[in-house]
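Undergrad: Spelled out from the first residue to the last, the chains are:
Number of protein chains: 4
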Amino acid sequence: MYFCSVIMENKIFEIEIKVRDYECDSQGIVNNANYLHYMENTRHEFLCSLGHSFAESHKKGVDPVVTRADLQYKSSLTGGEIFISTLTVERTGVKIIFHQNIYRKSDRVLCCKGKIEAVVLINRKLSRGDYYDELMKDYL
Amino acid sequence: MYFCSVIMENKIFEIEIKVRDYECDSQGIVNNANYLHYMENTRHEFLCSLGHSFAESHKKGVDPVVTRADLQYKSSLTGGEIFISTLTVERTGVKIIFHQNIYRKSDRVLCCKGKIEAVVLINRKLSRGDYYDELMKDYL
Amino acid sequence: MYFCSVIMENKIFEIEIKVRDYECDSQGIVNNANYLHYMENTRHEFLCSLGHSFAESHKKGVDPVVTRADLQYKSSLTGGEIFISTLTVERTGVKIIFHQNIYRKSDRVLCCKGKIEAVVLINRKLSRGDYYDELMKDYL
Amino acid sequence: MYFCSVIMENKIFEIEIKVRDYECDSQGIVNNANYLHYMENTRHEFLCSLGHSFAESHKKGVDPVVTRADLQYKSSLTGGEIFISTLTVERTGVKIIFHQNIYRKSDRVLCCKGKIEAVVLINRKLSRGDYYDELMKDYL
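Chains as they are written, first to last, in the numbering used here: chain A, 1 to 140; chain B, 1001 to 1140; chain C, 2001 to 2140; chain D, 3001 to 3140.
Honestly, the hints are just simulated from the structure, not real lab data.
One should not assume that every hint holds.
[Claimed, not checked] Here are a few chain A residues that face chain B, going by a calculated C-beta distance under 10 Å: (1) Tyr22; (2) Glu23; (3) Cys24; (4) Asp25; (5) Ser26; (6) Gln27; (7) Gly28; (8) Ile29; (9) Asn31; (10) Pro64.
As the structure is a prediction and not an experimental result, all values here were calculated from the model.
Just so it is clear, CB atoms sit at the ideal spot from N, CA and C, and this is done for glycine as well.
Let the hints inform the model, and build the full structure from the sequences given.
TA: Given below as structure tokens:
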């Protein structure tokens, strides 16, 4: 077997975020739940960058819904630190799976690794999941 | 001058709340913004105790809206502490004014003193403010 | 093979919590990150019920740290709803694994299922993980 | 009477912030408490821009503490909107008073007007309040 000369990798979306002090808890580090917030914010920025409007979708009865969030906490972020939040996406059947990582910008240390699964409800019913395929085609 | 034999005081509504650790920030004390959350929660419990339903009101086009929140921070609460959140209410013109205090239960020390003003919008327009007078009559 | 007449099940710790309106987002349901907060709060109440003090532990250089949180979102909670938050715990090697579920009280529908992994750091170094075995013996 | 040809105005510090969807509550607008978070974040960015380090100060036993927050809510922000958060500062006696406003960037509409009072504790005791005068001299 030989490796294909063109390595096909998912296109990566990334944004830079700065930790706000109030996002840290009494241990002086970002509270675990806030990584979910950071990742949710990143997905929203990702979809908005592709021209998606949650309001428009919702009016048409289309709602993406998170069904699973699996986060591994590797290293802690503290107040004022800047981090890079990355996202790649794949679709398998009814699920849209976001692979999201958070790296401290200063040393590129991986702070949190997430796998977020979502489905698309159309008029409150589970759909095939391909609704956003066209929108996200450059990333799938 | 002599004191009236019946001292007229506003009836006090109160609930007990326990501080959750994640509500504390890196200083190890409840973050200032969370006192606003505690007071919002207290107003909701107060109105619910009188039979009010925010959902029902909203469908009728009636929405109470906070216009001002003036909080004085006196003493800090820490994780796990239990506090008493009190509320009295008065109406002056279009404004409903909630006087809300937060006391540490163990020593009744006043931690936060709040004056929250609200108005009532009916179909998105400012109303006279008396919509809730009947509901809150025992407290006004 | 036959089933042992005594079915050994992990002892369950549970608390009741009421959703606060501000914990809901613009979709009118509890924001995903708040389930992590509810589960963190439940773990704290569990350890406190056994006499544990985070402050005391910390002074001795002992710190439990969450390394993974895997949440499955099944059904949405809305403002004002009461839910039951349950916890069972097991230890495998260096990991303490909390199995945590959140059920709507009114109909016992499972809203969120979580598997939270933690390790125990002693003086900032990974320990064998058995530090809390004695404390949690009735639940392991 | 004539106006002085040099109008002395407090120097204004400002930053731009984008509303994250999870900062909105079930009414679809930014929850009241989050304006306090935005203003806290603005004060931190302001002090950091002047070279202040909260960690350094704290080690020296110097802690600025908010004693009062008086917010007037004028217009609502919604998810995804960008706003300008401004700050001017004055010192009167032991108090440092921050005048903070939040304007929607698109139409410069004033959304929230805040007056935040703070004191400076040195070794947990109330100080004269002039500790930061040198640091903030361009803004006082």
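Undergrad: Does each hint hold? Answer for all of them.
TA: Hints and how they fare:
Checking tyrosine 22(A) against chain B by beta carbon gives a least distance of about 5 Å; that is within 10 Å, so the hint holds. A hinted interface residue such as glutamate 23(A) counts as satisfied when its beta carbon comes closer than 10 Å to some beta carbon of chain B; here the least separation is about 9 Å, so the hint holds. The criterion of a C-beta within 10 Å of any C-beta in chain B is met by cysteine 24(A), whose closest approach is roughly 4 Å, and the hint holds. Annotation: interface hint on aspartate 25(A) holds; nearest CB of chain B at approximately 6 Å, less than 10 Å.
A hinted interface residue such as serine 26(A) counts as satisfied when its beta carbon comes closer than 10 Å to some beta carbon of chain B; here the least separation is about 4 Å, so the hint holds. Taking 10 Å as the C-beta cut-off, the interface hint given for glutamine 27(A) holds, the closest approach to chain B being about 8 Å. Annotation: glycine 28(A) was flagged as interfacial toward chain B, and the flag holds, the nearest CB pair being 5 Å apart, inside 10 Å. For isoleucine 29(A), the shortest C-beta to C-beta distance to chain B is roughly 8 Å, which falls under 10 Å, so the interface hint holds.
Because the closest C-beta pair between asparagine 31(A) and chain B is about 5 Å apart, less than 10 Å, the hint holds. A distance limit of 10 Å between C-beta atoms decides the matter here; for proline 64(A) the minimum to chain B is near 25 Å, and the interface restraint is violated.
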